[in-house]
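> So you can see what is in the structure, the chains are spelled out below.
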Amino acid sequence: MLKTDVAYSRLPIRMAMVVVLVAGLVWTWVSRPVGSFTESVSAARIGAVAPDLSLQGLDGRPISLKALRGKSVVLNFWATWCPPCRAEMAAMNQVQHDLADQGVVVLGVNQLEDEQTVSRFMQAEGLSFPIALDQAGVAAQSYRVGALPTTYFIDRNGTIQDVVFGGPLAQALIESKVLSLLSR
Amino acid sequence: MLPIARVFGLSIQAPLLAVLIGFGLAVELARRLATRYNLDANTLTNVLTNAIFAFILGARLGYVIVNAPSYLKDPLGALALNTTAMLPWAGWVAALIFTVLSLHRKRVLTIDLARAILPAACVLGMGLAVSDLLSGANFGIPAALPWSIDLWGARRHPVQVYEFLVWGVILIALLWANWRKIPAGALVWLAIALAAVGRVWVDGYRAEVPLLLGVRVTQLAGVLVALVALWLLEEAMKPAPTPVLNQPEVSE
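Residue numbers (my numbering), protein chains in the order written: chain Z, 1 to 184; chain P, 1 to 252.
Rather than coming from a laboratory, the hints here were simulated on the basis of the structure. Careful, some of the hints might be misleading.
Unchecked claim - Quick look at which bits of chain P chain Z covers, simulated, 3 or more residues with Cβ under 8 Å: (1) 33-42; (2) 221-229.
Unchecked claim - Listed next, with one range per pair, are the computed distances between beta-carbon atoms: (3) TRP29(Z) x THR110(P): 37 to 43 Å; (4) ARG14(Z) x ASN42(P): 40 to 46 Å; (5) ARG69(Z) x THR43(P): 52 to 58 Å; (6) LEU145(P) x LYS66(Z): 32 to 38 Å; (7) ARG14(Z) x ILE111(P): 21 to 27 Å; (8) VAL169(P) x GLN102(Z): 23 to 29 Å; (9) LEU224(P) x GLY70(Z): 39 to 45 Å; (10) SER119(Z) x TRP89(P): 41 to 47 Å; (11) GLU235(P) x ASP52(Z): 55 to 61 Å; (12) TRP179(P) x ALA136(Z): 57 to 63 Å; (13) ASP162(Z) x VAL169(P): 56 to 62 Å; (14) ASP162(Z) x TRP179(P): 43 to 49 Å.
Glycine included, every Cβ here is placed at the ideal spot set by N, Cα and C.
Please construct the entire structure, taking both the sequences and the accompanying hints into account.
Below is the structure:
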């Protein structure tokens with residue numbers, strides 16, 4: 001014959017279950033999002049609308065991110081003195097060349113350098129994708145760029161879908177993230 | 001938020017550094033607890049340390065496979081040194097399979113390992129919370145409180161800090177339960193119950209969580225998981241039935 005030893009008490013755990021059920025459901029209801037919870041303010045984070053840029057392009061024409069709405073944008077903050085930035089420029093250029101007809105724009109935002117320096121670099125490397133000059137660092141500040149390179153992947157609706165800190169980014173990586181933007 | 005930290009002139013991805021430090025501390029805690037409870041500390045430490053390589057390999061392979069068309073054009077890109085071309089869930093699966101198989105192969109895979117691994121997992125959780133704080137991920141809803149943090153253009157609940165504190169409380173509870181020598185199986189359900197309760201509380205302050213019928217899915221799931229885990233904890237805490245020997249009849 002087996003005799004079960006029931007000296008232990010079930011009460012504490014049973015009470016805990018009741019507390020979890022009642023308090024858990026009450027808190028879940030009380031803390032539910034009310035009103036318009038999706039934050040539509042622009043911010044340099046994944047899921048938010050990308051802050052607008054209004055900069056001068058290398059060709060002298062103004063460049064605005066808002067004007068690129070409807071296209072998938074690869075926004076790359078870089079400088080000629082930054083080795084990983086230089087290393088990934090060819091890949092950026094190739095992605096622009098391969099996917100331009102699918103509505104992809106690779107936009108390089110040069111940090112704090114003059115037009116001549118950037119132009120010389122682009123010609124020497126045989127690069128042709130659009131470049132904006134952030135000579136005052138305003139764009140870098142609004143995007144909280146702490147190190148170079150930093151690359152934002154922005155979909156057709158202007159929403160940031162991914163951000164990569166550092167580099168150099170391989171062409172396959174850039175392309176895989178762009179294809180992900182196009183599939184949205 | 002501090003996605004990039006400058007250390008001796010080098011730019012380091014601070015969130016990644018936080019995860020690595022958290023992992024290192026977790027492995028050290030696992031080693032000490034394994035020694036205290038007479039488990040194979042050396043094997044456990046080696047397996048957990050190697051598991052990080054399994055994570056990296058699994059995460060990278062997963063990303064390359066999912067994005068195969070891009071990598072077929074640029075195969076060497078699969079070897080590029082960056083932390084972005086990773087599929088985290090694939091990494092976790094690879095690390096888990098590696099850990100379980102390695103421990104099983106070395107014949108040390110017993111439930112008693114929970115005494116070392118579960119507290120270590122809490123330390124890793126604390127490291128991940130710090131990583132989220134540094135990267136600004138999993139941020140909180142706006143709130144004007146004395147302890148709110150400035151993040152993404154608003155004053156917000158520091159849910160990453162709340163998460164850190166929750167893991168700290170769970171760690172203390174598990175160390176106490178270890179000290180009280182509750183069964184190792186019960187320790188597993190206790191950890192799951194506490195983690196689920198923590199999730200219900202913290203996610204009440206988190207922004208951008210998926211909703212179901214207007215409430216956060218993770219909170220509903222947390223309540224359910226906590227109830228099931230508490231029930232299983234009760235079952236695990238039941239003492240084993242003790243056999244009672246029949247007294248032989250004595251005839252006079």
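> Does each hint fit the structure? Answer for all of them.
Now for the hints, and whether the structure bears them out:
For the region 33-42 of chain P, the assignment as covered by chain Z is violated, since 0 residues bring a beta-carbon within under 8 Å of that chain's beta-carbons and 3 are needed. For a cut-off of 8 Å, the count of residues in the region 221-229 of chain P with a CB near a CB of chain Z stands at 4, and the three-residue condition holds. Separated by about 42 Å at the C-beta atoms, TRP29(Z) and THR110(P) satisfy the suggested range of 37 to 43 Å. In this structure the hint that ARG14(Z) and ASN42(P) lie 40 to 46 Å apart at CB holds, the actual value being about 42 Å.
Range check, ARG69(Z) to THR43(P): Cβ separation about 57 Å, and the 52 to 58 Å hint holds. Taking 32 to 38 Å as the suggested C-beta distance range, the pair LEU145(P) and LYS66(Z) conforms, at roughly 35 Å. The given range of 21 to 27 Å is respected by ARG14(Z) and ILE111(P), whose C-beta atoms sit roughly 24 Å from each other. Between VAL169(P) and GLN102(Z), the C-beta spacing of about 50 Å breaks the proposed range 23 to 29 Å.
Between LEU224(P) and GLY70(Z) the CB atoms are about 43 Å apart, so this pair conforms to the stated range of 39 to 45 Å. A beta carbon spacing of about 44 Å between SER119(Z) and TRP89(P) agrees with the range 41 to 47 Å that was offered as a hint. The supplied range of 55 to 61 Å is met by GLU235(P) and ASP52(Z), whose beta-carbon atoms lie about 58 Å from each other. Separation of TRP179(P) from ALA136(Z) is about 60 Å and conforms to the stated range, judged on CB atoms against 57 to 63 Å.
A C-beta distance of roughly 34 Å is found between ASP162(Z) and VAL169(P), which places it outside the suggested range of 56 to 62 Å. Between ASP162(Z) and TRP179(P), the C-beta spacing of about 45 Å keeps the proposed range 43 to 49 Å intact.
The earlier numbered hints that this structure contradicts are 1, 8, 13.
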